[in-house]
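Those protein sequences? They're chains A and B, same order as listed.
Per this note's numbering, the very first residue in the first sequence carries number 3; after that it's consecutive.
Per this note's numbering, the very first residue in the second sequence carries number 3; after that it's consecutive.
Just so you know, the hints here were simulated from the structure itself, not pulled from any lab data.
Just to be clear, a hint being listed does not mean it is correct.
Which copy is meant is left open, so a pair is good if it fits within one copy or across any two.
[Said to hold, decoys possible] With a straight-line cut-off of 16 Å between C-alpha atoms, the simulated EDC-like cross-links for lysine to aspartate or glutamate are:
hint	residue 1	residue 2
1	Lys-360	Glu-431
2	Lys-268	Asp-321
3	Lys-268	Glu-257
4	Lys-360	Asp-321
5	Lys-268	Glu-288
6	Lys-360	Glu-271
7	Lys-399	Glu-176
8	Lys-20	Glu-8
9	Lys-20	Asp-465
There are 2 protein chains.
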Amino acid sequence: MTIDFEVIHKDIAGRVGKLRVNGRTVRTPALLPVINPHLPLVTPREMQEMGVEALITNAYIFRRSTEFCDRALAEGLHRILDFDGTIMTDSGSFQLSVYGEVEVTNRETLEFQQAIGSDIIVPLDIPTPPDAGRERTVRELAITMDRIREAQRLFPDANLAGPLQGGTFPDLREEAGRAIRDLGFSFCPIGAVVPLMENYRYQDLVEVVLAAKRGLSPATAIHLFGAGHPSMFALAVAMGCDLFDSAAYALFAREGRYITPHGSFKISEIAELPCPCPVCRSMTAEELRRSEDRERLLALHNLYVTLAEIARIRQAIQDGTLWELVDERCRSHPRLLAGYRRLLDHAADLVRHDTVSKRRFFYCGSESCRRTEVLRYHEVVPRIPVGERILVSFDGKAAPGFDTVLNFKPPFGPYPVELAETFPIGQSEIPDWDEEMVRSGCAGIRALMAANPESQLAVRCGDAWAPLVLEEVPGAEVCHERV
Amino acid sequence: MTIDFEVIHKDIAGRVGKLRVNGRTVRTPALLPVINPHLPLVTPREMQEMGVEALITNAYIFRRSTEFCDRALAEGLHRILDFDGTIMTDSGSFQLSVYGEVEVTNRETLEFQQAIGSDIIVPLDIPTPPDAGRERTVRELAITMDRIREAQRLFPDANLAGPLQGGTFPDLREEAGRAIRDLGFSFCPIGAVVPLMENYRYQDLVEVVLAAKRGLSPATAIHLFGAGHPSMFALAVAMGCDLFDSAAYALFAREGRYITPHGSFKISEIAELPCPCPVCRSMTAEELRRSEDRERLLALHNLYVTLAEIARIRQAIQDGTLWELVDERCRSHPRLLAGYRRLLDHAADLVRHDTVSKRRFFYCGSESCRRTEVLRYHEVVPRIPVGERILVSFDGKAAPGFDTVLNFKPPFGPYPVELAETFPIGQSEIPDWDEEMVRSGCAGIRALMAANPESQLAVRCGDAWAPLVLEEVPGAEVCHERV
Chain A
3 MTIDFEVIHK
13 DIAGRVGKLR
23 VNGRTVRTPA
33 LLPVINPHLP
43 LVTPREMQEM
53 GVEALITNAY
63 IFRRSTEFCD
73 RALAEGLHRI
83 LDFDGTIMTD
93 SGSFQLSVYG
103 EVEVTNRETL
113 EFQQAIGSDI
123 IVPLDIPTPP
133 DAGRERTVRE
143 LAITMDRIRE
153 AQRLFPDANL
163 AGPLQGGTFP
173 DLREEAGRAI
183 RDLGFSFCPI
193 GAVVPLMENY
203 RYQDLVEVVL
213 AAKRGLSPAT
223 AIHLFGAGHP
233 SMFALAVAMG
243 CDLFDSAAYA
253 LFAREGRYIT
263 PHGSFKISEI
273 AELPCPCPVC
283 RSMTAEELRR
293 SEDRERLLAL
303 HNLYVTLAEI
313 ARIRQAIQDG
323 TLWELVDERC
333 RSHPRLLAGY
343 RRLLDHAADL
353 VRHDTVSKRR
363 FFYCGSESCR
373 RTEVLRYHEV
383 VPRIPVGERI
393 LVSFDGKAAP
403 GFDTVLNFKP
413 PFGPYPVELA
423 ETFPIGQSEI
433 PDWDEEMVRS
443 GCAGIRALMA
453 ANPESQLAVR
463 CGDAWAPLVL
473 EEVPGAEVCH
483 ERV
Chain B
3 MTIDFEVIHK
13 DIAGRVGKLR
23 VNGRTVRTPA
33 LLPVINPHLP
43 LVTPREMQEM
53 GVEALITNAY
63 IFRRSTEFCD
73 RALAEGLHRI
83 LDFDGTIMTD
93 SGSFQLSVYG
103 EVEVTNRETL
113 EFQQAIGSDI
123 IVPLDIPTPP
133 DAGRERTVRE
143 LAITMDRIRE
153 AQRLFPDANL
163 AGPLQGGTFP
173 DLREEAGRAI
183 RDLGFSFCPI
193 GAVVPLMENY
203 RYQDLVEVVL
213 AAKRGLSPAT
223 AIHLFGAGHP
233 SMFALAVAMG
243 CDLFDSAAYA
253 LFAREGRYIT
263 PHGSFKISEI
273 AELPCPCPVC
283 RSMTAEELRR
293 SEDRERLLAL
303 HNLYVTLAEI
313 ARIRQAIQDG
323 TLWELVDERC
333 RSHPRLLAGY
343 RRLLDHAADL
353 VRHDTVSKRR
363 FFYCGSESCR
373 RTEVLRYHEV
383 VPRIPVGERI
393 LVSFDGKAAP
403 GFDTVLNFKP
413 PFGPYPVELA
423 ETFPIGQSEI
433 PDWDEEMVRS
443 GCAGIRALMA
453 ANPESQLAVR
463 CGDAWAPLVL
473 EEVPGAEVCH
483 ERV
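Kindly generate the complete structure, drawing on both the sequences and the hints.
Here you go:
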């Protein structure tokens with residue numbers, strides 16, 4: 003297998019990387035637009051001019067098409083689609099998820115994908131739907147794994163992807179991840195997640211993807227198969243997904259739906275085009291609605307905003323501001339917010355993926371208290387050298403009789419003056435202190451006390467914070483009368 | 003004065019409206035790009051093609067320009083700028099704020115603005131900077147008001163704007179608002195706020211604008227003079243601002259800065275162009291950086307995203323989703339978040355501006371508990387008809403022995419089944435219940451108890467919520483064992 007994946011930048015569990023296949027490079031995170039050769043709303047050539055480096059098409063459709071099958075075999079996909087970038091093919095597994103059966107074997111689809119010149123080929127995995135019983139999920143996962151092994155055996159030199167199934171059972175997803183890792187795959191599509199996304203089940207999506215990640219090698223490029231809407235890309239990337247494929251730009255256009263990174267609108271219902279893309283800055287909503295070219299114009303708009311979101315995510319990773327972007331996007335729908343909060347439940351696991359130092363930390367609301375940077379700081383606190391009598395001073399003023407005086411910055415906690423300029427203390431911006439962030443800072447004080455059980459600790463805080471400090475830091479002396 | 007302003011849609015204190023001047027109409031909220039005739043990076047004609055309906059230019063610059071003064075007097079502004087829309091002129095007040103003096107009198111600038119065919123003319127107001135002493139602020143406000151009255155006396159038929167000053171003293175801003183209201187102005191620029199925005203003092207900005215609004219008539223179109231960056235437009239509109247003017251698209255371009263609605267980047271520091279505009283989808287960040295046309299391309303990009311943000315705000319007002327947009331934008335910087343929280347401090351005042359029923363309520367985080375819709379619901383709760391024994395049921399299940407059984411939906415509170423389909427109960431989407439929203443819902447229970455002191459109230463909730471309910475609703479019986 004000659005799919006090569008290199009990680010260049012990291013943030014949370016997300017990365018900017020390079021996927022190299024057959025001499026071509028795809029920058030990740032990447033969106034692979036889905037091309038249906040029968041309905042070319044936007045041509046692959048146009049997409050290439052918009053910056054698309056890879057796309058995905060369905061080998062099963064080509065194979066069954068009287069119009070395209072022979073041409074594809076004779077000319078190859080790149081020529082027939084007029085696209086110089088990387089082309090991935092799906093096996094027919096999507097049709098399996100929709101129709102329950104397909105007229106092709108694993109071997110046949112793999113042979114066909116290679117014969118038409120696909121750059122990344124996928125075995126015929128079984129897309130077990132969410133909430134299928136455990137027995138069925140186990141049985142179908144076993145078939146998928148058999149087919150993956152068969153693919154490796156039959157085509158040892160092919161650019162094979164290793165699709166990951168396991169339904170909504172985290173342990174099965176993790177097990178599948180370990181198996182795919184052990185088989186040496188560098189490219190793994192996580193399958194059968196579309197129904198979760200269609201039903202806004204982002205909490206379940208987080209559990210499924212994180213479970214898969216636990217099993218997989220961190221060096222593997224992860225493709226979230228069938229995802230999806232740009233509003234969830236940032237969340238998915240934060241979990242470690244690197245590639246998306248989406249027919250949404252075209253499907254939504256057909257239904258008259260206008261995509262934005264913060265949700266979709268029916269074009270019949272909007273009076274304004276809230277977007278800077280070439281389509282939206284060249285006409286009014288009314289003109290778009292009435293255009294004979296409406297479906298194509300909507301598809302172009304949908305694609306522009308989707309590609310811009312991918313660019314924004316890449317930039318955020320390089321800036322170390324992916325948490326801020328996840329926060330922004332996930333507040334656009336309460337179910338995404340639920341997914342974000344679920345991801346924060348796993349912050350202790352994410353800490354080991356995340357970078358130690360970032361450009362900045364912007365406090366975006368109480369959820370920020372649970373970010374990896376705060377957890378990591380609380381892990382650092384016990385290493386602060388202290389004497390027998392410690393003062394944590396909320397207002398930065400000292401008091402007599404202490405061996406160690408530490409400052410305090412919520413949501414992090416106590417810090418010595420030596421850390422004042424370092425990340426995150428020096429590079430964090432917070433609004434006026436609020437209860438949530440001071441509680442989080444108090445967790446830092448508790449970490450300090452736990453690491454120094456012989457020391458005595460006092461907190462110098464204003465009267466307003468004294469009750470909260472007394473509640474959050476039992477055993478500390480609160481010298482609030484001094485402030 | 004023949005400036006006419008009509009409000010079409012409302013949300014919070016924001017509105018979509020139509021400003022009619024000299025037979026032309028400007029949809030609001032609107033951005034008036036600032037045109038410097040000496041530095042036409044983007045031409046007014048190009049702006050018109052991008053959807054710009056009004057612009058602002060500086061009469062003082064025209065008056066002192068050997069190149070443009072005579073031409074402007076001979077041909078008029080519309081012809082010289084090649085722009086068919088509405089043109090507003092500044093008086094020289096901006097130069098006063100920068101240089102401390104100008105070589106023009108109030109009468110002279112007003113005469114000149116009229117002579118060159120400006121559609122909206124502004125007296126020579128005194129831009130008192132923030133934090134100026136009270137004495138100076140009072141004195142300068144008196145001069146501004148004298149000049150406004152002089153303008154009305156000298157030019158009773160002119161399309162006069164009534165600029166509002168008063169520094170950072172809310173009472174003076176409110177007083178100025180009342181005076182301008184009493185003089186009958188339908189168009190009011192709020193002045194001298196640029197230094198607040200430049201220094202991210204959004205809390206102060208909220209206080210200044212809300213104070214001005216308290217004094218002004220709700221029928222007056224409000225122009226936030228010199229604003230600014232698209233990241234703060236939603237916040238400003240929520241307070242009731244209708245027009246912005248901004249040189250930022252050009253000034254930032256000159257400094258190599260790339261505007262987004264969530265903050266700005268130095269073009270030298272970005273690897274990706276995270277935007278769907280025609281500039282960003284036609285080249286890479288590297289190509290933009292190296293382009294000979296860089297300044298103009300950046301100005302175009304900056305203008306595209308700024309206009310798109312205005313369109314998004316108008317759409318949000320029509321959808322009744324302006325709070326969600328304010329929430330999204332204000333989390334992009336902790337100082338904006340502080341401004342948003344300050345605005346929420348004034349929610350009780352905003353309720354009387356806000357619409358009663360909206361399309362939806364999306365919970366975006368704990369700040370959502372303080373939104374106008376929640377406050378308004380708590381005002382409605384006392385009107386729920388109840389019997390002597392009331393049960394508020396968290397799980398929707400009844401229990402024997404009660405006259406009235408109410409359901410519970412946080413962050414709103416108790417509701418009878420008759421309200422289940424009405425706004426906000428039926429149209430609100432929330433993630434898994436969190437502490438903040440249940441506390442807010444408990445405030446609704448307290449409102450019910452206060453309105454029905456003769457009734458006995460019990461709350462049926464799970465064990466997990468019982469301690470919080472006991473704390474928040476003293477006097478209620480908690481039957482948590484039943485769940």
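Hint by hint, here is what the structure shows:
{"no.": "1", "hint": "Lys-360 - Glu-431", "verdict": "within (13 Å within a copy, 34 Å between copies)"}
{"no.": "2", "hint": "Lys-268 - Asp-321", "verdict": "between (34 Å within a copy, 12 Å between copies)"}
{"no.": "3", "hint": "Lys-268 - Glu-257", "verdict": "within (8 Å within a copy, 39 Å between copies)"}
{"no.": "4", "hint": "Lys-360 - Asp-321", "verdict": "within (7 Å within a copy, 38 Å between copies)"}
{"no.": "5", "hint": "Lys-268 - Glu-288", "verdict": "within (13 Å within a copy, 36 Å between copies)"}
{"no.": "6", "hint": "Lys-360 - Glu-271", "verdict": "between (42 Å within a copy, 15 Å between copies)"}
{"no.": "7", "hint": "Lys-399 - Glu-176", "verdict": "neither (51 Å within a copy, 39 Å between copies)"}
{"no.": "8", "hint": "Lys-20 - Glu-8", "verdict": "within (5 Å within a copy, 54 Å between copies)"}
{"no.": "9", "hint": "Lys-20 - Asp-465", "verdict": "neither (54 Å within a copy, 51 Å between copies)"}
Hint compliance for this structure: hints 7 and 9 are not met, and every other hint is.
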